[in-house]
Structures are given as structure tokens and as C-alpha cells.
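We have chain A already, so just place chain B on it with the hints.
Protein sequence lines, in the order shown, are assigned to chains A and B.
Here the first sequence stands for residues 1 to 313, where the numbers follow UniProt numbering.
Here the second sequence stands for residues 1 to 471, where the numbers follow UniProt numbering.
Hints were generated in silico from the structure; no laboratory data involved.
Please note that a few of the clues may not be correct.
As the list claims (entries may be wrong) - Partial list, computed: chain B residues near chain A (C-beta under 8 Å):
| hint | residue |
| --- | --- |
| 1 | K36 |
| 2 | R38 |
| 3 | E41 |
| 4 | R45 |
| 5 | K46 |
| 6 | I47 |
| 7 | G48 |
| 8 | I223 |
| 9 | S226 |
| 10 | S232 |
| 11 | A235 |
| 12 | L242 |
| 13 | T259 |
Unchecked claim - Covered by chain B, according to a simulated footprint, are these stretches of chain A (three or more residues, beta-carbon under 8 Å):
| hint | region |
| --- | --- |
| 14 | 16–29 |
| 15 | 93–99 |
| 16 | 109–115 |
Computed from a prediction, not measured in an experiment: that's the story for all the values here.
Using N, Cα and C, we set each Cβ at its ideal position, and we do this for glycine too.
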Amino acid sequence: MLGKTASGLYWMFRYLERAENTARLIETGFRIALTRGKGADHEWSSVLQTASANDAYERLYGEPEQARIVDFLLRDPANPSSVLSCIMAARQNARMVRTALTKEVWEAVNETYIMLRKRLARPVPDKDIPEVLDLIRNRCALVQGAMHGTMLRNDMFDFARIGTFLERADSTARILDVKYFVLLPSVNFIGSSLDNVQWETVLRSVAGDRAYSWLNEGEPSPMGIASFLIFDRRMPRSLRFSVSKVRTNMGYLMQQYDVRHQSHDLAEGLFAQLDNGSIELVFEYGLHDFLSGLVNDFAALSKQIETDFRFEA
Amino acid sequence: MQFFDEMQGNADGAREPYQAFSNWFEEQNGKDLRRKARDAEHFFRKIGITFNVYGEEEADERLIPFDIVPRILSGNEWSKLTRGIEQRVRAMNAFLHDIYHRQEILKAGRIPAHLVERNEAFLPQMIGVTPPGGIYTHIVGVDLVRTGEDEFFVLEDNARTPSGVSYMLENRETMLQMFPELFNKVNVRPVSDYPLKLRRSLAACAPEACHGTPTVGVLTPGIHNSAYFEHSFLADHMGVELIEGTDLRVVDGRVAMRTTRGYKPVDVVYRRVDDDFLDPMNFNPDSLLGVPGIFDIYRAGGVTIANAPGGGIVDDKAIYSYMPEIVEFYTGEKPLLNNVPTWRCSEPDSLAYVLDHLAEVVVKEVHGSGGYGMLVGPAASKKEIAAFRAKLIARPDNYIAQPTLALSTVPIMTKSGLAPRHVDLRPFVLLSPNGIEIVPGGLTRVAMKQGSLVVNSSQGGGTKDTWVLED
Numbered sequence: 001m002l003g004k005t006a007s008g009l010y011w012m013f014r015y016l017e018r019a020e021n022t023a024r025l026i027e028t029g030f031r032i033a034l035t036r037g038k039g040a041d042h043e044w045s046s047v048l049q050t051a052s053a054n055d056a057y058e059r060l061y062g063e064p065e066q067a068r069i070v071d072f073l074l075r076d077p078a079n080p081s082s083v084l085s086c087i088m089a090a091r092q093n094a095r096m097v098r099t100a101l102t103k104e105v106w107e108a109v110n111e112t113y114i115m116l117r118k119r120l121a122r123p124v125p126d127k128d129i130p131e132v133l134d135l136i137r138n139r140c141a142l143v144q145g146a147m148h149g150t151m152l153r154n155d156m157f158d159f160a161r162i163g164t165f166l167e168r169a170d171s172t173a174r175i176l177d178v179k180y181f182v183l184l185p186s187v188n189f190i191g192s193s194l195d196n197v198q199w200e201t202v203l204r205s206v207a208g209d210r211a212y213s214w215l216n217e218g219e220p221s222p223m224g225i226a227s228f229l230i231f232d233r234r235m236p237r238s239l240r241f242s243v244s245k246v247r248t249n250m251g252y253l254m255q256q257y258d259v260r261h262q263s264h265d266l267a268e269g270l271f272a273q274l275d276n277g278s279i280e281l282v283f284e285y286g287l288h289d290f291l292s293g294l295v296n297d298f299a300a301l302s303k304q305i306e307t308d309f310r311f312e313a
Numbered sequence: 001m002q003f004f005d006e007m008q009g010n011a012d013g014a015r016e017p018y019q020a021f022s023n024w025f026e027e028q029n030g031k032d033l034r035r036k037a038r039d040a041e042h043f044f045r046k047i048g049i050t051f052n053v054y055g056e057e058e059a060d061e062r063l064i065p066f067d068i069v070p071r072i073l074s075g076n077e078w079s080k081l082t083r084g085i086e087q088r089v090r091a092m093n094a095f096l097h098d099i100y101h102r103q104e105i106l107k108a109g110r111i112p113a114h115l116v117e118r119n120e121a122f123l124p125q126m127i128g129v130t131p132p133g134g135i136y137t138h139i140v141g142v143d144l145v146r147t148g149e150d151e152f153f154v155l156e157d158n159a160r161t162p163s164g165v166s167y168m169l170e171n172r173e174t175m176l177q178m179f180p181e182l183f184n185k186v187n188v189r190p191v192s193d194y195p196l197k198l199r200r201s202l203a204a205c206a207p208e209a210c211h212g213t214p215t216v217g218v219l220t221p222g223i224h225n226s227a228y229f230e231h232s233f234l235a236d237h238m239g240v241e242l243i244e245g246t247d248l249r250v251v252d253g254r255v256a257m258r259t260t261r262g263y264k265p266v267d268v269v270y271r272r273v274d275d276d277f278l279d280p281m282n283f284n285p286d287s288l289l290g291v292p293g294i295f296d297i298y299r300a301g302g303v304t305i306a307n308a309p310g311g312g313i314v315d316d317k318a319i320y321s322y323m324p325e326i327v328e329f330y331t332g333e334k335p336l337l338n339n340v341p342t343w344r345c346s347e348p349d350s351l352a353y354v355l356d357h358l359a360e361v362v363v364k365e366v367h368g369s370g371g372y373g374m375l376v377g378p379a380a381s382k383k384e385i386a387a388f389r390a391k392l393i394a395r396p397d398n399y400i401a402q403p404t405l406a407l408s409t410v411p412i413m414t415k416s417g418l419a420p421r422h423v424d425l426r427p428f429v430l431l432s433p434n435g436i437e438i439v440p441g442g443l444t445r446v447a448m449k450q451g452s453l454v455v456n457s458s459q460g461g462g463t464k465d466t467w468v469l470e471d
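Only chain A is shown next, with the shape it has when bound in the complex (with noise of 0.2 Å):
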């Protein structure tokens, strides 16, 4: 395979996970502001922190207004995180490597991209912002679903899932990072319940609060989510799930090419961290240090991959 088409899949995947994300972080500021009405002014910066996209909304926009954060985070060319740019670098992508990709899953991600394109095409009202963010989710799915159903599991199916993996990881970790004061057992918080609403926008970023309450009887606990979140083998947005999944498409890379790389030792080592690690000892260490170094792993992570496959001349 091509190095460009390795290039091409794996950030493809990558735009599309980062597409859904995004979408799922509008959604929860969305509910917080239904249920908060003004309070939901600080939760909507922590939204803009969490997409890496609050310096260059304030450099354009100034003070945090949510009209404004929504049309930034839904369709703003000015925001490479923005729905609309993810959905169009994805099928850019896409189009470079139509040769990698089945008819089923060439036709999903350009059809999202016309629909979408479409759709939002102009800013989108309040009553139409759950509609949308529907649609966004499915079309997402429907590319994933195309791609179990109809792609070979080969090296081009690897890069693919290594670039979902390891952009949900560094999502969740970011999400994390940018709550991690509410689930600190602070001071203030000795003996009280978690905020409710607070946690609950944790878990409703990662779609993970119905699992929580399955998982976990009794009343949430900022142990619990944070462990929950970072160690859990089930929740497929976990940090160690994600990575493990990247681990394990990287092994595949390595049985197929008969070459172990510098970036099988880095997720090997990542993987260590999760797959041996506990809350006990992440609380000790500091769960800010904790996750803003997973952040940097990954970000490591994902140069190597591009330099050990020859993404690039």
C-alpha cells in the first residue's frame, strides 16, 4: 500500500471521530444550557477548551455567546474542528484514497458530505440543532458500519481504526482534562455528592452515562467516573479501550509487514500505563499531569505512526 494511502485512511478516520466528537460536545453544552439556562456560560468555554478551539473563537469572536460557539463548533471554515471542516478534510481524504475504499464506504462519506454541506449551509436555528446533531451521528455511523460490513481486514482497515482510536482517546482524555477539577476530591466537596449536572456532562460527552448507571449502582462517585472513564475494558470510548484497540491494529501491522517500529514500543508503552495503572495511583500522581501527558503521548504516538509508514516523502 502506498504510503499516501495510509496517510489518506488513517486521517480520513481520524476527521470523521473528530466530526462525531465535536458533535457530541455541541449536544451536551446544547442540554446544559436547557437545563441551567445562564449558568451554562462557563460550561460552554469548557466546551470550545475541550475542542482545542477557545483561542481562535476568542480571537474572532471575543466573549463566549452561544449562538456564536454553536455555528463556530458546527460550521465554521474558520475552525479546522468545526463539523462541517472535519466532514469535508474527511472526504478530501477519502477522495485521495478511493482506491483503498469499497463502493459502500466511498458513497457513505460523500453522501454525508452532501447532505451535510447542505444542511448546514447556513446557520442553523435552535429547534433544528437536535435534528442536526442527529444527523450527524448517523451519517458518522453509517461510514463505520459501512466499513465493518464491506472492507477487507488488512493493512488498510489498520490505519482506519488506528486513527479512530487514537483520536477518540485523545478526545475522552481531553474531555477529562478539561473537567478534571469537578471530579477532584476537593476540599469543598468532602463528603458531598459529585454536581450532578457536572459529572453528568462528563459521561453524556462520551455517551457513557447510561453505562455508568449500569455499571455502577449508587451514586456516582468522582473516583468512579474518572476510573471509569480511563480504565474500564467495556466502554469503547475509554481511554484504555481506545488505546488497546490501537495496540492492537498496530500488532496486526507488525504480523502483516514483519517489522516491529519505533511506534509499536510507544503503544506498547501506552498501553502499560492503562492496562496496569489504577484511579488510586492516578489521583496520587495528579489527574491534570496524568491526562495532559497521555495527551502529548498520543500526539507523539501519532507522528511515529506517520513517520514509520512513510505517510509522507
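Same frame as chain A, now just chain B:
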């Protein structure tokens, strides 16, 4: 002017090849058909069969209009055409070999030497080079027009990087999806094995340096090229890599592509880039698109480039006027296909005639393509003709002129029913040491505007599915 309609002919009732279709069509509901025509547009968008228009900033991807009424040829008409095409393509290949070697045709005085030697498309670097298998024109598109029951003319030859074959294939897929029952009633010869034949044909031209199964790649200028869809389509359907210049470099005397596992040699490069953008070291030093040194490897037998560099001279419009001589010189036979009579404006008598008849003729740039820079006299305004006259006088050798042909029509589906529109036909020809293959069909281009004779997609032309019947 009287036009020959391929469906109606000049009599009552549909012509023979159209009869089964016509019967089926009579039973259809016009509303349903128009709905299907709209479905077809959605279908094309979905599969992404779009093109970018040059010169438009932030070029939106556009669709080429598709018309649901097929263009139908009988088996008999087709086999007559293919005999003529085969003869012509063989002669083209022999001509190229000759002008880059002994130049017999120039010595025999059948073509003025300056027309070859001073031609921009003549590549001195190719002198003495024999490409693998002796094949120069691996893929040729021959543009045909029809003016009557038995009158076909070659309007031009495309021996550089003829495009449109993906439309031939996707148009058929679309028709099969929309009207499956129709294909039960009419025996249409399939075209879907074109990519397989193309791959086989290219592999048969592998270079000396290739051992084992040849690795083929399609070389594209990139996703911003107007024909990018076709490049990816062909690579995908052949099951070969789609490569850009940046994916290639010279490694150990071979042209190699950068894969996830290191550099791997490519044996046959089906290039969809012009000569100028092939190799910045040997040709255009300003090009960022090419592969430095690829031409040296080519000359040393390390890689096959299809079509061969320097082959463009054979489809040059000034050379075109000598095609009857070329066919006769190399095959010893009379040409089976007619050339359109052509005035070379470089010749004073011809120029004088053309200037006197600008309102009646079609004038083309010698090196032009895509319908740009041409004058269709009968359709042009006085002002346009005056402007063109000035250009023609300033650089007469840059132009040729032809009589305005009474292009045949085939109906298209309009809001008010069937209406005749002018068409041409581009069959695709594959040439390899194993012989010539012509897929039964081709690209029918149709001028969507009433009365228009310009069928180019860049000028608003559309396409139709082309049927060759099993007789």
C-alpha cells in the same frame, strides 16, 4: 441544413437498431421517465462522478448532464467502424515509430518535414528510443461523427491521455440500475470488462527490467485535476495503485513508489499527465508534478510509460490532415474511415478560402482541445467572427479549418418529450503487442442545447449511454 437522425432516420418509424428500444419507450409514462432522469443525477452525485472546471476559483464539482435515451449502433455498423479504427490506430503507432527512427515518411515526401520536426509535440529526446513492445499509443480515443446512414468521419484522434472512459462505464451502470427490464428486451453488448482489458493490455507492455507479474500504476496530477474521478475510477477498477509524482522516485535504476513498507518498483505507469509534467529533469524544469529522472529510466528499459512520451504529435491537428496519407503509407491500404476535409491555414490558398468563408466553417487551434479556442462559423456573431479573423491573420499556422458538418442527431429527453440533439462518438482503443481491442461502445457526447454543434463537456455538453447491439 438537413440532419440525419439516428433514431428516426429519414422515414417513418424508428430505424432498425432503435426499434426494440422505441417499442419499450412507447409504453413508458413520460412522468416516470423524467423522475428517473432526476434519480440519475442523484446517483451520479453519490458516486462522485464529477469534474472540476478549469479557470473557476474554488471550482465546484460539476456533473456532466446525462441523458437517458441511449445512442444505439447495430452490430453491423459497429464492425464496419472497428475495422476502420483498427487500421487507423495501427498506422498511428507505425507513424510514431517511423518519425522517431528512420523517418521514411518524411524522406518519401508524403508529409512536409517541418510539420514534424518543428512541431511542439515532437520530442527530440525520443529519437532512437523504442518503447517496450514497440507500442506508443496504448490507449487511443477516436472521435467520430456521423452525417448519414453510411457516412462516418474521424473528427480528431486523441493519442495523449484520452478521457471519458469512466463515463462510458458509469453511464451503463446507471442505465442498468434504472431500466433493468430494458436490457432484457434489447441485446446490448457489455462494456464492463474494459478495466480488465486495460490492465491486461498495459501489463503486456512491461519493460525488460520487469520479472514476474508486472506492477501497474495510474499516475494522476492529483485531486484537483478535472479528470481525477476517472483516474481513481480506473485505478480502483483495475485494482492498481493511484499514484502522484510525489509518491515516485528513482531507486536503484527503477521507478519506485513509496509504500508503507518502503520503495517498490513500478513496471508500467499509465500516466494521465502531459509530457511536460512527466520529468522536470528532462522536460519542463518548472514542473512540480513530475518524477525527476523517470525519462532516463524509461530510455534504459526500466519502466513503461503509457502512452509513450512524444506520441502527442500524431493527434496534432496539422498532422491530422495527412492521416489518409499516413494510413496508406504504413498499411498499403485505402483508409476505411474518412477524414474531414481540412484546410491548413498555413497554406496561403487555404487561408484565403477560409477567410472568405469564416461564417460557414469551423476553425480550430492546431494544439487546442476541449472545445476551447475554436470558432463555429454558422453559430458565431459578426463580432466574434471579426475577432477570430484577426487572430487567424496574425498566426495562420496555428489554425486549421473544416466545413461545418451536418452532425447526426439522437433524441434527448426534454420536458416536452423527445427532441433531437447533435452527437459525436468516442470509442476507446487498446493497443498492445497482443493486438488491438475496442470495447463495443464508447462515449457519446451530446450537445444539450438545441441546434448546438459543440458537444464538449467544458462547453455544456452531456453524455449518453452507447449501445452496440448483439446482431
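task = Could you check the structure against the hints above and give me the numbers of any it violates, in ascending order?
result = Numbers 1, 2, 3, 9 and 14 - these are the hints that the structure violates, sorted from lowest upward.
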